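Full structure from sequences and hints, please.
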Amino acid sequence: MKKIKLFFIGLKGYMLSLITLFFVMIAVLLVLNYSFSQYLFINRSGELFGNGHFDNGLYFQNITPYDQDSQIRLDESLKSLEGNPCVKKVTHNINASVHINNENYQLELYDQEIYPDMYGTLPIGDWKSMEDGKYCVVIGGVIPKDVPVGETVVLKSIIPNNSTELEVKISGALAYPPMILKFGYYSSDKKANTADKFYIHDKVLYLPKNDTTLKIVTEFCDGNTAPITSGVVKYIDSATEKQKEEVKNIISENAAVLYTDTILESTKSYVSDSLRKILPTPSFLLLVSALSYISIAVLSIYKKKADYTIYYITGCNKQTMHILASLQVNITLLITTITTCVGILILKNMAAKGMYSLPCLIFGWQNVVLTCSVALVIFLIVVFVSSLMLRRFSPVEQLKLTKE
Amino acid sequence: MIKLNNINKYYKIGKNRFHALKNVSLEIKDGEFVSIEGKSGAGKSTLVHIIGCLDNFDSGSYILDGVSVGDMKESALSATRNSKIGFVMQDFALISHESVIFNVMLPLYFSKIKYNMKSRAYDMLEQVGIADQALKSVNQLSGGQKQRVAIARALITGCSIIVADEPTGALDTKTSEEIMDLLININQSAGTTVIVVTHDPTVSAAAERKIIISDGIIKKDIMS
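As given, the protein sequences belong to chains W and E, one line each in that order.
Position in the first sequence (from 1) plus 967 gives the number in the numbering used here.
Position in the second sequence (from 1) plus 2 gives the number in the numbering used here.
Just so you know, the hints here were simulated from the structure itself, not pulled from any lab data.
All of these numbers come straight from a predicted model, not from anything done at the bench.
Be a bit skeptical, because a hint or two may be false.
Only pairs whose alpha carbons sit at most 16 angstroms apart, straight line, appear in this in silico EDC-like list of lysine to aspartate or glutamate [unchecked claim]:
id : chain 1 : residue 1 : chain 2 : residue 2
1  : W       : K979      : E       : E100
2  : W       : K972      : E       : E100
3  : W       : K1320     : W       : E1070
Printed below as a string of structure tokens:
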């Protein structure tokens, strides 16, 4: 207790520099975490896309979607694939806007062969088709207020005068962050077509896709679902290269196309490169602030030599001196680390509650581990440097110098 | 009781070794008032630093109240400095940007004994006659007042030995006399052993025993 008091009394000497350092370190750690969160998003999207069995497929994107004729031709191309022996299925987004208790959601039809594998085991509930005679939905995004998982809710169309309703049971919820699959990106630079472009943060209700639910969604859209501007043509496992090429040629007349295996490879390279590309700037900032931090630690010990001499002659041992010296500087680091970690967790919880959206970022326990690891390294360096300085510090020499 | 036997101390100066204390043997009984005199560089401060457990020695033995100081670990040495020895320095050795009361309480922060710190500090300041300055910053005090603060700090853990290294070196004649009177009073009233390093004849006159050291050797040891 007494030494704790002494510790805080000793801080008075350099409060201003510690406060400045606090804000600088917070800013640097936030920049670092922001970059790392981008990496987490890219990495996670790669995992999801890989899990979703999108390999051995052909991604298509209508690059002139507002050209009705172009869309009509694409629709005809896709229709012509029905019955094609090498095509297993065509996956694309089909959704309608609905609301629950004044919260808007996308009611989206999901492929039961893809989505449960893509998202994996749900943290709450399960992927179900029907229960108690009601369709089951899985929520991605914010769970509606007062409607927990397991409860029943009535979905209504957001279109005025559209009286379509559907009573559903919420059978499960996706984990944070709600990375919702949305086709619609294409770049002529093949390497730029990576899985992170196909995931967004959104609020969605996943409803199993079948002929009946397709009709329901169409009704929610006043009879007109959005045109199919992008999606994936999934080949059968035994499709030959020639057959794949033929399908590609059909679709490519009216859309930009890219084999999904190319997307997966580009994603792998992007994930491994992303850290290399994202982290240099925050790492440099961190290095500079860590050096400033260490400099302040060194300077503060140097400036306090006279005080430590007095501590020594009044009965303070070197170990206590060392602890006081290291902690007095590292207290800022400790507060900064705790503040950053708490801030990250608050951000995450706020995003999970839908208070705001953090597109293309994932904040989670990995950020906390990164922040604590970085802080620990700086802490150890400061302790090491302080230890070196104090080992060389001779109170007797200091007394002689003062006397002279 | 302080017993030094054949103490040798060397300092490294560059590649060379300087023999600061040469086979110094000395006994100081409890309650003695001793002055240590000699020219600059004679080894006075080195001797009192060893007596005060501030510095180690290269050979010989030092027995303090029956305990061998040479065998003590660092934690024991610091505990000894805290509980048995109080220091009064020429430059006062106070934390100038802190208050008087904090400076006096400082040894109590390192003491294992639980004290009512503020109360005890005020008692010490009363004893040295500057309790009314308790809340002032040290740098607002005169030299004499600062030295009184240093003495109060030295006494606060109930030490049995005060080591004063030229305590009047930075003071005028009148203030020096006041400080010496205070040290004499402490020595006589509480039986505290006082060891004073000095060049000042007035100071050495107050001591009952004079030890004169030259070139690291005790030349004379005179009882007044």
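Checked hints:
Our distance criterion of 16 angstroms between C-alpha atoms is met by W/K979 and E/E100, whose separation comes to about 10 angstroms. For the hint linking W/K972 to E/E100, the alpha-carbon distance of about 14 angstroms falls within 16 angstroms, and the restraint holds. For the suggested pair W/K1320 and W/E1070, the alpha carbons sit about 12 angstroms apart, so the restraint of at most 16 angstroms is met.
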